[in-house]
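Given next are the chains, with one letter for each unit.
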Amino acid sequence: MATETREVFGREVGWLDRSLALTCAVALAVTVLAGLVQVRFGAYDMTFWQVVGAVFDPLVWLRPNVLASFVLGDGLASTLGFDTSFDLPTETLIVWNVRLPRVLVGALVGMNLALSGAVFQAVTRNELASPFILGVSSGAGFAVLLTLVVFANFAALLPLTAALGGTVAFLVVYAIAWQGGTSPVRLVLAGVIVGTVLNSMQTALFFFASDLGTVQAAIAWTTGSLTGVDWEQVRMILPPTLLVLPAAVLGARYLNVLLLGESTASALGMRVERARFLLSAVAILAAAASVAVAGIVGFVGLIVPHMVRTVVGSDYRRLMVGCAFVGPALLVVADLGARLAFQFTTGAPIQLPVGIVTGLVGGPYFLYLMRRRNELGDL
Amino acid sequence: MNGTRTPPETAAPDGDRADDGATTDAAMATDDGDAAASELVGRDLEIGYPGTDEPIVECERVVIPAGEVTALVGPNGSGKSTLLKALAGQLEPWGGAVALDDESVYAMAEKERARRVGLLSQERQEPGSLTVEKLVQHGRYPYRGFLDGVNDADQRAVDRAIELAGVSDLRDRPLTDLSGGQKQLAWVAMSLAQETDVLLLDEPTTFLDLRHQLNVLETVRTLNADRGVTVGVVLHDIAQAARYADNLIAMQDGELYDWGPPADVVTEGLLADVFGVDATVRGGLDGPEIVPRRPLE
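Top line first, the protein sequences correspond to chains A and B.
In terms of our numbering, the first sequence is numbered consecutively and its last residue is 379.
In terms of our numbering, the second sequence is numbered consecutively and its last residue is 297.
Hints listed in this document are in silico derivations from the structure and should not be mistaken for laboratory results.
Every residue, glycine too, gets a C-beta built ideally from N, C-alpha and C.
Take the hints with a grain of salt, since some may be wrong.
To be verified - Selected chain A positions facing chain B (in silico; Cβ < 7 Å):
#: 1; residue: G180
#: 2; residue: I219
#: 3; residue: V257
#: 4; residue: L259
#: 5; residue: L260
#: 6; residue: S263
#: 7; residue: T264
#: 8; residue: S266
#: 9; residue: A267
#: 10; residue: G269
#: 11; residue: R271
#: 12; residue: T310
#: 13; residue: G313
Stated by the list, open to error - Covered, in the sense of this in silico footprint (three residues per stretch, anywhere, with C-beta under 8 Å from a C-beta of chain A), are these stretches of chain B:
#: 14; segment: 110–120
#: 15; segment: 134–144
#: 16; segment: 237–247
In isolation and in its complexed conformation, chain B is listed as follows:
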């Protein structure tokens, strides 16, 4: 049992991560012209909002490793969404830097950044009687110039995204007609149409029924497996995170509590310290299985 706090920089990535996580390998892969996976790294971050006095999140080093699925977990208010926003280039940290393959995310032009890092935010608005296809087309915004229409490449990307998200049968339906789960998949499709190297999703499964939760997670997994897209995702359900993610980042009170593969991170100590839950953790077929018992005082 590993209940001690492990600083993230010393939480050594285990064997299989070392060979594809190194930036040199990623850079070499870029030269092949193939869809090379990108790595997102935050250093010495101090993240806060204009209205706050103290930073909400502070961490020395956080990595969303190239070509893998990383889940951010933690209780409400632990700073997961804030960290994700900062990594996505949407909330400039007070201190520190965020780099995408060694290039500062905040130094990029807005559209350039939007072609490389996608963020599906939780704070979004219902755009009225738009059809699913029209919504997904908005994902092509960063590729379109001032007067450009939707060209063939855009349309192909839209078709691919709609297919990957499994919303082909909904494409001509207005959003107002859809259920919460269907809407969520439509929004995921919009982010997919952005065709970024890194895709960050803020609680994409919250408020969905189990089937749609699995739909979203399968879509994300397929995207990662087929196109090598680096994924960072905030998940509420730690059991689900343990099953779907290659890495977990566990957060508590605006700091990283632990970082690594689910088998190392998900422990009874973590559940007690971070989530305040007495639980049993067993080794299952797809990684650790959690049986929550009761809340701790």
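Bound conformation, chain A alone:
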């Protein structure tokens, strides 16, 4: 048979083809380039090559104790026996301490949202599904407002309450959709119901906000922003990502079978309900982790799987790998725009929340997709 198979460690990897490799390479290059540009700008002026030197400074990369202090934090690093006192050139210190975390968090948020969206589009069999379709965004938004307005003393726990709110909303959606089993349509409808109720309650809470600062903080959360993120946020989102990424790639095979329809998947011996719930849980974890560090960044989870699908096809094994690279690229570029657009055009040091940029870019792109692919309408 003239079937093309390639093997790595004795495993068939024929699905890792050139279009996927190219997609990943381009996405990685874009991420790195946008990241470097992002890092270059700030109160302390640097040339581009100074930035490259600082980011790839061997004084950081070749000394485990320095790397550990940044990634794990001084506290944990010294507990683990790393020496946390060291000297670095000013450029390197500024880049690593202040500017790099934002790029890293952006990339991780983009990856999580893209993977989460890809999973939800398969689980709900809806091409318009996003990480926030099953009530996650409204749940998280409501929890944020509740914390800011009613329980202001717990503002430090905001990331946790946001993630928790999203997860609880998802569980409520699942419970509503359950009737001796769920179905994609019932899940989406339940998501709309819960979303509508929570959004009303969210809007109602705005009336009780005591000052403008609270309202602004709430809006920053609900539109998604990377302003002021630090290594603390990297440490917050990294562990879930390390869980989500392999789970999503391994889950791809189950998603492929699920795409044949529930009846077929079940006839092939798949426990459909269990698979659907576990895959949704992975997607929720990814969405909740990104909400916790960046708020609700819209459109990334919706757009990225579509972009990747048009290039690599609908095989979820390829789609997942593609999403893991394209998601970070999109978000890092969008954040670059969010931070620098006003600075360059007006000179005023205003930063937009990144969620506004993803919305502004994502909407028209989706429109373009809709025009180009007629079958998109046949849901």
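With the hints as your guide, set chain B onto chain A.
Chain B in isolation, oriented as in the chain A frame:
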């Protein structure tokens, strides 16, 4: 003419069925290690859906005999697909039991069941730009562990299935490029790759042109003749069912109306009672031939 209702359990299987239909024979054949035919039996079934108050299908005993092709016929809404789903282990009956060679279908682990009973459902979804070969590979799902890739045995089964279904020339084409008939054959190939003892097909010929209908039915017949696979198939066209099947199960309003070889089951009385059609039935070369006249009031 046999227009009276014959309860299925008393509808005695005629001569040639008695020797290979008995479970003891089937069990002995299993000991030979050969691909022994399996028998699927439902007893005291009450089948309904979560949303319904009353069961959709009720029947005391239904048999898909080992190594034969059985066609389920009946008008729309008579419960054929529901019964097939329950027999396939995909819709647990409210009451009663389904047994595959005396082993409860619903007590089996999911993948174990999927290695023994296959169901090609009507409710399925277009999986995008998949090639025919990739679709057929999904039929090997019940044989693959958590991290297993496609091994040689899987690939051989996929090749066999593709050949048997006659889609070799389509194997690298994406499904989105195929006609309805070609797609149907690709799905049949996927079910064949499952290599089950029993294969159940829900209306595999509906919406196909005549040529592709015959393609599907020939494939099913070959599968049955060459590998002794027990086949249960819901067919819309009773004339076709009479020609291709060894047995017919005629259903009406969620109950079995009659059961047996086509020559006994297909009568003018059945066509009038079950299908509401005035028709003439003549003995032809390949079993009874039906000439429909007009719908009855």
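Here's how the hints hold up against the structure:
Satisfaction of the interface hint for G180/A is found here, the shortest Cβ-Cβ separation to chain B being roughly 4 Å, below the 7 Å cut-off. For I219/A, the suggested interface contact is broken, since its CB lies about 38 Å from the closest CB of chain B, more than 7 Å. Using the Cβ-Cβ criterion of 7 Å, the hint placing V257/A at the interface with chain B is satisfied: the shortest such distance is roughly 6 Å. For L259/A, the suggested interface contact is upheld, since its CB lies about 4 Å from the closest CB of chain B, less than 7 Å.
This hint holds: L260/A has a C-beta 5 Å from the nearest C-beta of chain B, less than the 7 Å allowed. Because the beta carbon of S263/A sits about 4 Å from the nearest beta carbon in chain B, less than 7 Å, this interface hint is met. The criterion of a C-beta within 7 Å of any C-beta in chain B is met by T264/A, whose closest approach is roughly 5 Å, and the hint holds. Checking S266/A against chain B: minimum C-beta separation of about 6 Å stays under 7 Å; hint holds.
Taken as an interface hint, A267/A checks out: its beta carbon lies about 4 Å from the nearest beta carbon of chain B, inside 7 Å. Because the smallest distance between the Cβ of G269/A and any Cβ of chain B comes to about 3 Å, under 7 Å, the interface hint for this residue holds. Checking R271/A against chain B by beta carbon gives a least distance of about 6 Å; that is within 7 Å, so the hint holds. With a least beta-carbon distance of about 10 Å to chain B, the hint placing T310/A at the interface is violated under the 7 Å criterion.
At its closest, the beta carbon of G313/A sits 5 Å from a beta carbon of chain B; the interface hint therefore holds under the 7 Å criterion. Coverage of the segment 110–120 of chain B by chain A holds [criterion: at least 3 residues with CB-CB distance below 8 Å; count 9]. Coverage of the segment 134–144 of chain B by chain A holds [criterion: at least 3 residues with CB-CB distance below 8 Å; count 6]. With 0 residues having a Cβ less than 8 Å from any Cβ of chain A, the segment 237–247 of chain B misses the three-residue criterion, and the hint is violated.
Of the numbered hints given earlier, the model fails hints 2, 12, 16; all others are met.
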